[in-house]
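**Q** Here is what each chain is made of, one letter per residue.
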Amino acid sequence: MRSKGRISHDGKIRFARGEALLAPHLPHLPHLPMLQVLVPLLMAPFVLLLHPRGLAWAAATAASLMAFAIAVVLALTVVGDAPLTYQVGRWPAPYGIELRVDDFSALLLLVITGASSVTLLGGWQSLARALPSARQPYYFSAWLLALTGFVGIAVSADAFNIFVFMEVSSLASYVLIAGGPDRRALSAVFKYLIMGTVGATFYLVGIGLVYMMTGTLNLADMAVRISDVADTRPVLLAAGFITVGLALKAAIFPLHIWLPNAYAYAPHIATAFLAACATKVALYVLLRFDFVVLQHSASEHAVQFAGYLMPLAVLGILVGSGVAIFERDLKRLLAFSSVAQIGYMLLGASLVTIAGLNAAILHMFNHALAKGGLFLVVAAFCTVAASSQLEQIGGIARKMPWTFAAFVVCGLSLIGVPGTAGFLSKWYLVTAALDYGALGIALVGVILVSSLMAVVYIWRVVESACFAGEFGDDADSDSETAAVPPLLFIAVWIVALANLYFGLASALPIELAASAANLLMGNAP
Amino acid sequence: MSAELAILASLALPLAGAVLIAFAGRIGVNVREAATMLIAGALALIVWSLVPAVAAGERPQVSVAEVLPGIELAFAVEPLGMLFAALASMLWIVNSLYSIGYMRGNEEANQTRFYALFAVSLGATVGVAFAANLFTLFLFYEVLTLSTYPLVAHKGDRQSVASARVYLVVLLSTSIVLFLPAIIWTYLVAGSGDFTLGGVLAGKLEGAGVGVLLLLFVFGIGKAAVMPVHPWLPAAMVAPTPVSALLHAVAVVKAGVFAITKVIIYIFGVEHLAGAFGADLLVFIAAFTIIAASIVALRQTNLKRLLAYSTVAQLSYVVMAIALLTPLAGIGAAVHIVAHAFGKITLFFAAGAIYTAAHKTEITELRGIGRRMPVTMMAFTIGALSMIGVPPTGGFVSKWYILAGAYQADSMLALVTILASTVLNAAYLLPIIYLAWFAREDEGDGTPPARVHGEAPWPAVLALGLTAALTVGFFVFHGAALDIARQLLAGF
Numbered sequence: 001m002r003s004k005g006r007i008s009h010d011g012k013i014r015f016a017r018g019e020a021l022l023a024p025h026l027p028h029l030p031h032l033p034m035l036q037v038l039v040p041l042l043m044a045p046f047v048l049l050l051h052p053r054g055l056a057w058a059a060a061t062a063a064s065l066m067a068f069a070i071a072v073v074l075a076l077t078v079v080g081d082a083p084l085t086y087q088v089g090r091w092p093a094p095y096g097i098e099l100r101v102d103d104f105s106a107l108l109l110l111v112i113t114g115a116s117s118v119t120l121l122g123g124w125q126s127l128a129r130a131l132p133s134a135r136q137p138y139y140f141s142a143w144l145l146a147l148t149g150f151v152g153i154a155v156s157a158d159a160f161n162i163f164v165f166m167e168v169s170s171l172a173s174y175v176l177i178a179g180g181p182d183r184r185a186l187s188a189v190f191k192y193l194i195m196g197t198v199g200a201t202f203y204l205v206g207i208g209l210v211y212m213m214t215g216t217l218n219l220a221d222m223a224v225r226i227s228d229v230a231d232t233r234p235v236l237l238a239a240g241f242i243t244v245g246l247a248l249k250a251a252i253f254p255l256h257i258w259l260p261n262a263y264a265y266a267p268h269i270a271t272a273f274l275a276a277c278a279t280k281v282a283l284y285v286l287l288r289f290d291f292v293v294l295q296h297s298a299s300e301h302a303v304q305f306a307g308y309l310m311p312l313a314v315l316g317i318l319v320g321s322g323v324a325i326f327e328r329d330l331k332r333l334l335a336f337s338s339v340a341q342i343g344y345m346l347l348g349a350s351l352v353t354i355a356g357l358n359a360a361i362l363h364m365f366n367h368a369l370a371k372g373g374l375f376l377v378v379a380a381f382c383t384v385a386a387s388s389q390l391e392q393i394g395g396i397a398r399k400m401p402w403t404f405a406a407f408v409v410c411g412l413s414l415i416g417v418p419g420t421a422g423f424l425s426k427w428y429l430v431t432a433a434l435d436y437g438a439l440g441i442a443l444v445g446v447i448l449v450s451s452l453m454a455v456v457y458i459w460r461v462v463e464s465a466c467f468a469g470e471f472g473d474d475a476d477s478d479s480e481t482a483a484v485p486p487l488l489f490i491a492v493w494i495v496a497l498a499n500l501y502f503g504l505a506s507a508l509p510i511e512l513a514a515s516a517a518n519l520l521m522g523n524a525p
Numbered sequence: 001m002s003a004e005l006a007i008l009a010s011l012a013l014p015l016a017g018a019v020l021i022a023f024a025g026r027i028g029v030n031v032r033e034a035a036t037m038l039i040a041g042a043l044a045l046i047v048w049s050l051v052p053a054v055a056a057g058e059r060p061q062v063s064v065a066e067v068l069p070g071i072e073l074a075f076a077v078e079p080l081g082m083l084f085a086a087l088a089s090m091l092w093i094v095n096s097l098y099s100i101g102y103m104r105g106n107e108e109a110n111q112t113r114f115y116a117l118f119a120v121s122l123g124a125t126v127g128v129a130f131a132a133n134l135f136t137l138f139l140f141y142e143v144l145t146l147s148t149y150p151l152v153a154h155k156g157d158r159q160s161v162a163s164a165r166v167y168l169v170v171l172l173s174t175s176i177v178l179f180l181p182a183i184i185w186t187y188l189v190a191g192s193g194d195f196t197l198g199g200v201l202a203g204k205l206e207g208a209g210v211g212v213l214l215l216l217f218v219f220g221i222g223k224a225a226v227m228p229v230h231p232w233l234p235a236a237m238v239a240p241t242p243v244s245a246l247l248h249a250v251a252v253v254k255a256g257v258f259a260i261t262k263v264i265i266y267i268f269g270v271e272h273l274a275g276a277f278g279a280d281l282l283v284f285i286a287a288f289t290i291i292a293a294s295i296v297a298l299r300q301t302n303l304k305r306l307l308a309y310s311t312v313a314q315l316s317y318v319v320m321a322i323a324l325l326t327p328l329a330g331i332g333a334a335v336h337i338v339a340h341a342f343g344k345i346t347l348f349f350a351a352g353a354i355y356t357a358a359h360k361t362e363i364t365e366l367r368g369i370g371r372r373m374p375v376t377m378m379a380f381t382i383g384a385l386s387m388i389g390v391p392p393t394g395g396f397v398s399k400w401y402i403l404a405g406a407y408q409a410d411s412m413l414a415l416v417t418i419l420a421s422t423v424l425n426a427a428y429l430l431p432i433i434y435l436a437w438f439a440r441e442d443e444g445d446g447t448p449p450a451r452v453h454g455e456a457p458w459p460a461v462l463a464l465g466l467t468a469a470l471t472v473g474f475f476v477f478h479g480a481a482l483d484i485a486r487q488l489l490a491g492f
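These protein sequence lines are chains A and B, in that order. Following the numbering used here, the numbering of the first sequence begins with 1 at its first residue and continues without gaps. Following the numbering used here, the numbering of the second sequence begins with 1 at its first residue and continues without gaps.
Isolated chain A (complex conformation) (with noise of 0.2 Å):
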């Protein structure tokens, strides 16, 4: 097994026949998708017997850890080869359900499948203190589902499923961010429900109206029938409550306002997994919908999509730093980041190219590994510290020195520096805008100037870590093994390495991005 590609002379990379290479090994390879999925979620029940301290602990990150095995598997599978395809039942695909793992969604199972087992690998200690102990095996068993939820999506070939997936994702979250201690979780969930059942309920509508209109919730099958009914109203409208379904579980500017709050009072690890992958997941459903489904829809489907989202991406990227430079909350200036994140990722989508969509979903993957990055450490801050709030990690560099390197590496990433996964993106994103004309140069300068607000926000965090008080200087480095966590901190170095990895040898998610983009353009290899 490789895992890399190696760079042929027409500069393009090529993987070895993953399948060829693993079938002999793997009998179980054509079940892989159904597996991604079976495996969580029957994991979930079981977890919830495990009484005993720690061991749903244990059982759930062994779960997860065999999914993320699993994406490992699939994603060589499928890079720079045709995707897998399960028919649940030997059903064949228009009626029966199918599952499918191209390179888009195998690129997405990765991150949402490394976020959860890395996150549950570190967050033993930071989860134990948050919860008391007899609600553990629920809150895990929660987890799991979500991680359900989440893959579920990315392999669903089908929308009904999709959507049935993404309410079993949605519950189990909104217990992963009210599960915790913080009180104020709770109403900040409430909102995070209202607004996710909104979402959740334009998309079923939405739905409803192209099932009533081609008779098919498949996929590809739907994106074949459409064109029939192209440009009646029934569709378009279908168009409508799809995208801005969608969007409010994506968090796209303005209908972000859940996820601030969401993410700053769940638990740390929670928060971590959370947004390293959930409003990725409604992300990738939208640009599936969009691109593949929804293009023949109407005559001019990608001038609109264009014309509404890219207005709110750039609104999107230039609020949400704009906000994270004031806020003074740690968890609520990431947060913020996020929402200028995810408009990076909509920016390069609505540019409706294969440059753009190959930097946004490249974008998708290395800003999960930055943003995970960073509320990982966020966690291991907080087992010292009283909050998040910046003022209470004053100085906290001097009493954890390698944590903190390890969110100064994440940050750099999430600014863009070379030699960072977030440099690559960046350097797609300009790329791809360079080429659409004169409103790329304006859009290269959003991209710039907000990579400046990057830099404020994450070296207001650095000052304040290293040069204001609170830890004092009585705290000498050893220290820093008992404070944080040991399997904590190797998680953080886990992603902060990762971090640097994917920015000099991003050979395989590059890939994955590429042909993604090519597969949602329509001309795929």
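You may find that some hints are simply not true.
As the list claims (entries may be wrong) - When the alpha-carbon atoms are kept at most 20 Å apart in a straight line, the in silico EDC-like pairs for lysine to aspartate or glutamate are as follows:
| no. | chain 1 | residue 1 | chain 2 | residue 2 |
| --- | --- | --- | --- | --- |
| 1 | B | K360 | B | E441 |
| 2 | B | K155 | B | E107 |
| 3 | B | K204 | B | D194 |
| 4 | B | K204 | A | D435 |
| 5 | B | K155 | A | D435 |
| 6 | B | K204 | B | E107 |
Treat the hints as calculated values from the structure; they're not laboratory data.
Knowing the structure of chain A, use the given hints to seat chain B on it.
**A** Relative to chain A, chain B alone:
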């Protein structure tokens, strides 16, 4: 050792050395300082081992990884980079010696962090020097910014944190908003950012675009401190003096003018740029920076800030020389990178020695200090003469070539600027020398000096003596540097 291995070793050694220094710091200060000296010495040996091959016309190169299709992390040694790396690695040894005296003499805190980050900065400097393409250059350029930030903020008090913020914001924002788009533009237009003799843009970018791209590069490379992107340099003076001396008179600022020079020779191509309006504009901008910074320097009362503005002016000498696009001026630019380094590091060493021994930072406090610290002030005098360009100092050599290049280019503007700036240099440096040697210590307000002191600790004095000797020595023994610089003429 093969040349390829030497390139990789010269990059890996300082980075591995930083870790080594961090661990050595836990054992003891002497071990840590010994490790620093050892690593500095080894780096200089490795870098200098490349000199004969490069002087003989070889261009060793090595590619590490392909980051994006067509964009490589790769290194190649060409004459200018060789000169820069050799210079920086050699002065690191002297500077480490000086640091020992300075940091101990002032009982600075966090010295382990200081030495470790210094090693990282040098690694980044060598990376900039050996970069084979714009992407690699940019990568190490940013590493250099980030690794020097904690050195600027070293004291950790309110003033140094605020100044370090200016430092970081100016350098990072220029590089992100201007330098990066310029690089991406270059890759998009030319399909490559490799440093190629004759440039990669000829025939691909014409007209006004050339000028715009050139300005993006010049202002984007904020480390060159062309006005108005210079404020980070005076701000950086809050750092401990060894940082100001090696990094903000040699490594960081020279990385800036080095990058501009490389972009002009190897990305635009001298011939291609000669027809464009951008180069003329650049001469104007550089000339303005020289004069304006010199005038600002006249009004400074703090010694280190005065030296910082002097550096701003001297850096634009290099920019102006290369923008003249004539062979002799090109040589002058390359030689000035070296000559100015020797002179300016001596001046900073002297300023730091004065601070260590006498705790004096203001120029008016320097009355009669030459009698207490004769060696230091002798070195200072030599450095100052080199800045003005008086023989027998290194500054004369480079000024000669730049003037000759200005004649060659028939540029009255450049000629007048150099002459005017020479007068201005003398006007702000000679009064200091006069005060130090000829004024009486108690002439000021009649109070006796607060502190009876002699010279700074011996490592510091030894270091500044060495660089003063180099400054004078370069007047005579600049043949090797000139030979390497002459190889640049292939690009003209």
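**Q** What are the numbers of the hints that this structure violates, sorted from low to high?
**A** Hints 5 and 6 contradicted; others consistent.
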